[in-house]
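Starting from the known structure of chain L, arrange chain Z on it as the hints suggest.
Spelled out, the chains give:
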Amino acid sequence: MATPPQNGVTSWTETMSARERIRSVVETLREPRSTNWISEQADAAWSTTNQELQDLVDQDRLQRVEVGDTTLYQPDYTRLLFDEIRTLIEENAREELRSELTAITEEIEAWQEAYAIETWEELEQSLADSDLSSAELRERRDVIGFWHENEQDRQLIKHALELYSDVETAREQMTDAVDRATS
Amino acid sequence: MIFLANRDRYTQRTLLRETHNRLSKQAGCEAIRYQPSGRRPRYVIADIDTAVFLGESYEVENARLELRFWYPVGVDHEYYRINWIEPPRNLMVGFHQDADHPDLGPCHIQLNFEETAVDRYEAAFLDAHPLTVLDNRLQQLPTALESIHWQDGQPSLPDWPM
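Those sequence lines, one after another, are chains L and Z.
1 is the number of the first residue of the first sequence in this note's numbering; add one for each residue after it.
1 is the number of the first residue of the second sequence in this note's numbering; add one for each residue after it.
The shape of chain L in the complex, shown without the other chains (with noise of 0.2 angstroms):
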């Protein structure tokens, strides 16, 4: 790859430590990696990057999983979808989830209007449409992945407004104790 020229652009090396990189690159990975391939991808040492595997592991957010002679590395799932729960809950007003809800159906509604169909797959049997152009192909593969992941976060904000009211009480009763040992 050709070296860019002196510019401004600074690479995440310079503006993130070795730790951050290496649980940046694994808490986004989609299968299973090797200590090799997690330190080559965050640029870090083996060394460094085994200990933070180790220490992500030791607190439960990163799976060991032993392949054949070979033991490699993947996110806790279940973990990153309550962090996303979490982050959700914490970060929004009731009222703010369920309008983005609104928001989802009414996008969903406006493509189902606009391609006179009922789901994303039908949109997808679509594509074989040879009279399509290149742009239409294009605009209707961005509809189906943007419509698969309106779907995906409309369970996930269900998820968040279901548990809403528990970890508000959770968070209150955390308060008052804080509050009852600190009087």
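Source of the hints: derived by calculation from the structure; they are not laboratory data.
Any given hint could turn out to be false.
Label pairs and their computed distance ranges (CB to CB) [as the list claims (entries may be wrong)]:
id: 1; chain 1: L; residue 1: Glu139; chain 2: Z; residue 2: Leu104; range: 37 to 43 angstroms
id: 2; chain 1: L; residue 1: Thr105; chain 2: Z; residue 2: Asp47; range: 46 to 52 angstroms
id: 3; chain 1: Z; residue 1: Ser156; chain 2: L; residue 2: Ile117; range: 37 to 43 angstroms
id: 4; chain 1: Z; residue 1: Lys25; chain 2: L; residue 2: Ser47; range: 21 to 27 angstroms
id: 5; chain 1: L; residue 1: Glu139; chain 2: Z; residue 2: Ser156; range: 21 to 27 angstroms
id: 6; chain 1: Z; residue 1: Val60; chain 2: L; residue 2: Val167; range: 43 to 49 angstroms
id: 7; chain 1: L; residue 1: Ser183; chain 2: Z; residue 2: Asp47; range: 44 to 50 angstroms
id: 8; chain 1: L; residue 1: Asn36; chain 2: Z; residue 2: Ala51; range: 53 to 59 angstroms
id: 9; chain 1: Z; residue 1: Ala27; chain 2: L; residue 2: Glu95; range: 34 to 40 angstroms
Covered stretches of chain Z, going by a simulated chain L footprint (3 or more residues, C-beta under 8 angstroms) [stated by the list, open to error]:
id: 10; region: 91-103
id: 11; region: 134-140
Just so you know, these numbers come straight off a predicted model, no measurement behind them.
Glycine residues also receive a C-beta, built at the ideal position from the N, C-alpha and C atoms.
Same frame as chain L, but now just chain Z:
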């Protein structure tokens, strides 16, 4: 009921947050945000102070970066679009790894001017983690911008592939 189907979406959401985090540490990136919302992230967008971002003066003062990573069903690598957009000149240059131009391989660089693609070349497929890919592509952007050639008010990328 909570289930673990479609885990790619929350891996993608985590990736977009890491992308947001990456841009927040880059000089010249301002007003970093999600589209359509942080509750439902698809794109990470940043307004660019071009002189600060590129480390030298540039033809237009402000531009925009639009980044999207996603995992289509049945494809074993991520798709992405890393677009540099200049509204004042109606110009866009971007690295696209998607299904749009299989004749160019899995990844291509594209130059758009006034809503039309004027140049498109194969770009190397980087068999790497998306965050490593992002770092590489951001490093390549200044080179791509420098290689835009203007003649009679029309841009092109004559020096690509590099």
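To see whether the hints hold, each was checked on the structure:
1. Separation of Glu139(L) from Leu104(Z) is about 19 angstroms and departs from the stated range, judged on CB atoms against 37 to 43 angstroms.
2. Between Thr105(L) and Asp47(Z), the C-beta spacing of about 30 angstroms breaks the proposed range 46 to 52 angstroms.
3. Judged by the Cβ atoms, the range 37 to 43 angstroms given for Ser156(Z) and Ile117(L) holds: they are separated by roughly 39 angstroms.
4. Between Lys25(Z) and Ser47(L) the beta carbon distance is about 25 angstroms. The supplied range of 21 to 27 angstroms therefore holds.
5. Restraint check, Glu139(L) to Ser156(Z): a C-beta distance of roughly 25 angstroms satisfies the suggested window 21 to 27 angstroms.
6. At about 46 angstroms, the CB distance of Val60(Z) to Val167(L) agrees with the hint of 43 to 49 angstroms.
7. A C-beta distance of roughly 47 angstroms is found between Ser183(L) and Asp47(Z), which places it inside the suggested range of 44 to 50 angstroms.
8. Taken as a hint, the range 53 to 59 angstroms is violated for the pair Asn36(L) and Ala51(Z), whose Cβ atoms sit roughly 40 angstroms apart.
9. For the hinted restraint 34 to 40 angstroms between Ala27(Z) and Glu95(L), the CB-CB distance of approximately 36 angstroms keeps it satisfied.
10. Check result for the region 91-103 of chain Z against chain L: holds, 3 residues qualifying (beta carbon to beta carbon below 8 angstroms, three or more required).
11. Given as covered by chain L, the region 134-140 of chain Z passes the check, having 5 residues with a CB less than 8 angstroms from a CB of that chain where 3 are the minimum.
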